[in-house]
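Asker: One letter stands for each residue in the lines below.
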Amino acid sequence: NAGVTQTPKFQVLKTGQSMTLQCAQDMNHNSMYWYRQDPGMGLRLIYYSASEGTTDKGEVPNGYNVSRLNKREFSLRLESAAPSQTSVYFCASSESGQFYGYTFGSGTRLTVV
Amino acid sequence: GDSVTQMEGPVTLSEEAFLTINCTYTATGYPSLFWYVQYPGEGLQLLLKATKADDKGSNKGFEATYRKETTSFHLEKGSVQVSDSAVYFCALSGSSYKLIFGSGTRLLVRP
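Top to bottom, those sequences are chains E and U. Quick note on this note's numbering: the first sequence kicks off at 63 and runs consecutively. Quick note on this note's numbering: the second sequence kicks off at 241 and runs consecutively.
Simulated from the structure, these hints should not be mistaken for laboratory data. Hints should not be assumed to be uniformly reliable.
[Said to hold, decoys possible] Some residues of chain E that are not near chain U, with every Cβ distance over 12 Å (derived):
1) L75
2) D118
3) Y126
4) S129
5) R130
6) S158
[Claimed, not checked] Simulated crosslink set (DSBU-like; lysine-lysine; CA at most 30 Å straight-line):
7) U:K308 with U:K292
8) U:K296 with U:K317
9) U:K308 with E:K71
10) E:K133 with E:K119
11) U:K292 with E:K119
12) U:K317 with U:K300
[What the hints assert, rightly or not] Footprint (simulated), chain E over chain U, 3 or more residues, beta carbon under 8 Å:
13) 282 to 295
14) 304 to 313
15) 328 to 334
16) 337 to 345
Small disclaimer: the values here were computed from a predicted structure and weren't measured. All residues carry an ideal CB built from backbone N, CA and C; glycine is no exception.
Construct all of the structure, not just a fragment, from the sequences and the given hints.
Answerer: Right under this line is the structure:
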């Protein structure tokens with residue numbers, strides 16, 4: 063079982079560059095999420111997709127865009143990277159509803175210089 | 241809005257000591273509660289959950305009881321091992337169905 067697969071695992075960008083973080087899940091989950099993790103701040107929701115064809119903003123959406131390409135794939139794009147976006151990014155997926163936990167990917171460590 | 245508060249770490253224990261990590265929450269309605277564990281360099285893994293008041297979640301020797309009267313979901317383990325060293329996150333899922341996380345508590349277990 064692959065679960066949730068994120069690529070790349072590590073990335074260094076220069077300020078102003080763009081990139082797309084990829085995420086795919088093989089559990090037939092309806093919902094997918096992008097979080098960022100910063101020291102002392104836990105995980106903060108960037109964007110989520112409750113089902114294929116829908117996306118919504120989370121707590122910290124500024125500077126990011128997302129695409130739910132199909133039921134399996136949910137990508138996160140940084141159009142013009144800034145040092146404040148240096149973080150570890152996690153993708154997750156879940157069944158719909160409050161009783162289900164999330165399955166997380168192993169993360170992408172992004173550094174913007 | 242909904243929120244989760246965890247005790248600040250790091251928590252440092254000797255092997256075989258008793259562990260408690262406190263977690264309290266604020267939410268409307270009847271949220272589901274979760275504990276996640278994150279080992280160094282890895283993503284978060286679901287450790288245990290409880291979906292209604294008085295439920296006890298348990299896994300790998302860890303336990304937590306959903307206490308609605310005190311709005312708490314404290315994580316406990318009777319005898320910790322070095323391999324339990326990790327960061328532990330408490331989280332809730334309410335009417336919005338989105339998980340809201342606490343800030344995490346780092347546990348360090350010394351041999």
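Asker: Compare the structure with each hint and give your call.
Answerer: Hint by hint, here is what the structure shows:
no., hint, in the structure
1, L75, "20 Å, holds"
2, D118, "9 Å, violated"
3, Y126, "16 Å, holds"
4, S129, "19 Å, holds"
5, R130, "16 Å, holds"
6, S158, "7 Å, violated"
7, U:K308 with U:K292, "9 Å, holds"
8, U:K296 with U:K317, "13 Å, holds"
9, U:K308 with E:K71, "40 Å, violated"
10, E:K133 with E:K119, "18 Å, holds"
11, U:K292 with E:K119, "28 Å, holds"
12, U:K317 with U:K300, "9 Å, holds"
13, 282 to 295, "holds (count 7)"
14, 304 to 313, "violated (count 0)"
15, 328 to 334, "holds (count 3)"
16, 337 to 345, "holds (count 7)"
The earlier numbered hints that this structure contradicts are 2, 6, 9, 14.
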